[in-house]
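Chemist: Below are the chains, spelled out letter by letter.
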Amino acid sequence: RKEVEQDPGPFNVPEGATVAFNCTYSNSASQSFFWYRQDCRKEPKLLMSVYSSGNEDGRFTAQLNRASQYISLLIRDSKLSDSATYLCVVNIGGGYNKLIFGAGTRLAVHP
Amino acid sequence: DAGVIQSPRHEVTEMGQEVTLRCKPISGHNSLFWYRQTMMRGLELLIYFNNNVPIDDSGMPEDRFSAKMPNASFSTLKIQPSEPRDSAVYFCASSLVWDRRATGELFFGEGSRLTVL
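Chains R and W are the protein sequences, given in the same order. Numbered according to our numbering, the first sequence spans residues 1 to 111. Numbered according to our numbering, the second sequence spans residues 1 to 117.
No wet-lab data here; the hints were simulated from the structure. Careful: at least some of the hints might be erroneous.
[To be verified] Residues from chain R that face chain W, not an exhaustive set, calculated with beta carbons under 8 Å:
1. Phe34
2. Pro44
3. Asn97
4. Ile100
5. Gly102
[What the hints assert, rightly or not] Covered, in the sense of this in silico footprint (three residues per stretch, anywhere, with C-beta under 8 Å from a C-beta of chain W), are these stretches of chain R:
6. 45 to 54
7. 85 to 91
In this text, a Cβ means the ideal position worked out from N, Cα and C, and glycines have one as well.
Please take these sequences and the hints and turn them into a complete structure.
Modeler: Structure representation (structure tokens):
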């Protein structure tokens, strides 16, 4: 079983739509959680951290359910520029950034 | 500020040849990571260093792979001998960790795309 599992998609949505991605992780000792974004043929970049209380950054909302070992990302009012692969990431390294990446969910926003 | 710098950006080589990938982390960062990305397996952590010391190399696929970090501003990943299944994009990333408090933010280089024929 993979340590971090995501639906690979693609999710094809029109501009303005709301889209949600989910992710599950297997290591109950995981300490912190993140979403990264990767554009085609580019390097991954941190999108946002994920906290148990839920957190928002503009149109993006991230949620963590430790009991279910489940992480989500909600994107409201999708823009063409949101088209990318979204990587669910788990830190299992204690005080180190030992980040384990999911395979990613591809999002394509069309006009 | 300069980001993480990797070289070469692209390499095409023949099976059996030695491949050396290079990385210069962001100045002041004390952790360095090597990842490999393929369509089939996604992003896999190969090895990471903290203060130039290898902390965890459990992701290194086999003895053909080795990594070094002789100083805070340089690291290499070597594959010898290379095989076609090593074809992938190899990313180097760096981060700053204070008092073992990880922020989860890795800064990635643009990657080295390796093709082994």
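Chemist: Of the hints given before, which are not true for this structure?
Modeler: none
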